[in-house]
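Trainee: Throw the hints in and build the complete structure from the sequences for me.
Quick note, the sequence shown lines up with residues 0 to 121 if you use numbering that gives the first Met the number 0.
Because the hints were derived from the structure by calculation, they are not lab data. Computed from a predicted model, the values in this text were never measured in an experiment. Possibly wrong hints are sitting among the right ones.
Below, a list of computed lysine-lysine pairs in the BS3-like style, where the Cα atoms sit at most 25 angstroms apart [claimed, not checked]:
#1 56 - 69
#2 56 - 79
#3 63 - 94
#4 81 - 99
#5 116 - 79
#6 96 - 59
#7 63 - 79
#8 69 - 79
#9 110 - 63
#10 56 - 96
#11 56 - 94
#12 69 - 94
#13 63 - 113
#14 78 - 63
#15 110 - 69
#16 79 - 59
#17 81 - 69
Just the calculated beta-carbon pair ranges, DEER-fashion [unchecked claim]:
#18 5 - 52: 30 to 40 angstroms
#19 6 - 45: 14 to 24 angstroms
#20 5 - 75: 38 to 48 angstroms
#21 6 - 89: 32 to 42 angstroms
#22 93 - 8: 36 to 46 angstroms
#23 20 - 45: 15 to 25 angstroms
#24 77 - 6: 35 to 45 angstroms
#25 52 - 99: 11 to 21 angstroms
#26 6 - 112: 15 to 25 angstroms
#27 15 - 78: 35 to 45 angstroms
#28 114 - 59: 16 to 26 angstroms
#29 77 - 112: 19 to 29 angstroms
#30 98 - 7: 37 to 47 angstroms
By construction, the Cβ of each residue, glycine as well, lies at the ideal position given by its N, Cα and C atoms.
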Amino acid sequence: MERTISKTHIARRAETKANPYLVNAILELKNTNTEVAKLLAMPRKKWPSVNLTQIDKMVKDGEKVFVPGKVLASGDLTKKVKIVSWSASENAVEKIKAVKGEFISVQEELKTNKDFKGVRIL
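Mentor: Here you go:
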């Protein structure tokens, strides 16, 4: 059973963050998409690091996915996907672009899609 966290608790967790961009992202998302805000408000040590191989196994071609942690370059990506993540290694971004995919940071996605509609959470 997954524990639910209130918007107030998410806001309190955001206060402990040192990165002002992360704090703004969490506070914007807590009203529109609490699931994404909860994942970003977790301690950074608990953020997942996801390899391209894992992403390739879990997604369909043309899908937009959200990875709350970091995208790593281990393995290959064969599908054209849009990956929204807080960060990614340089090699991972190159491999994503090589298959005509797209890497989008959370800040960029917030500018165009404030409530993260149509984005699947991995």
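Trainee: Assuming the hint says 19 to 29 angstroms, is it satisfied by the Cβ distance from residue 77 to residue 112 or not?
Mentor: 25 angstroms, holds
Trainee: I want to verify a distance hint. Is the separation of the beta carbons of residue 6 and residue 89 within 32 to 42 angstroms?
Mentor: For residue 6 and residue 89 the Cβ distance comes to about 35 angstroms; the hint holds.
Trainee: If you draw a straight line from the CA of residue 96 to the CA of residue 59, is it 25 angstroms or shorter?
Mentor: 17 angstroms, holds
Trainee: Between residue 93 and residue 8, is the Cβ distance one that fits in 36 to 46 angstroms?
Mentor: Holds - the Cβ-Cβ distance for residue 93 and residue 8, about 38 angstroms, lies within 36 to 46 angstroms.
Trainee: Can the restraint linking residue 56 and residue 96 be considered satisfied, given a maximum Cα separation of 25 angstroms?
Mentor: 18 angstroms, holds
Trainee: Does residue 116 pair with residue 79 here, judged by a C-alpha cut-off of 25 angstroms?
Mentor: Given pair residue 116, residue 79 holds - Cα atoms ~19 angstroms apart, limit 25 angstroms.
Trainee: Take the C-alpha atoms of residue 56 and residue 94, compute the straight-line distance between them, and say whether it is at most 25 angstroms.
Mentor: 16 angstroms, holds
Trainee: Quick check: does the Cβ-Cβ distance between residue 5 and residue 52 fall within 30 to 40 angstroms?
Mentor: Given about 36 angstroms between the Cβ atoms, the range holds.
Trainee: Range first: 35 to 45 angstroms. Now tell me if the beta carbons of residue 15 and residue 78 are that far apart.
Mentor: 36 angstroms, holds
Trainee: Given the hint of 35 to 45 angstroms, is the C-beta distance from residue 77 to residue 6 inside that range or not?
Mentor: 39 angstroms, holds
Trainee: Do the alpha carbons of residue 56 and residue 69 lie within 25 angstroms of each other, as the hint requires?
Mentor: It holds: about 17 angstroms lies between the C-alpha atoms, which stays within 25 angstroms.
Trainee: Is the Cα-Cα distance between residue 81 and residue 69 25 angstroms or less?
Mentor: 14 angstroms, holds
When held up to the earlier numbered hints, the structure conflicts with none and fits them all.
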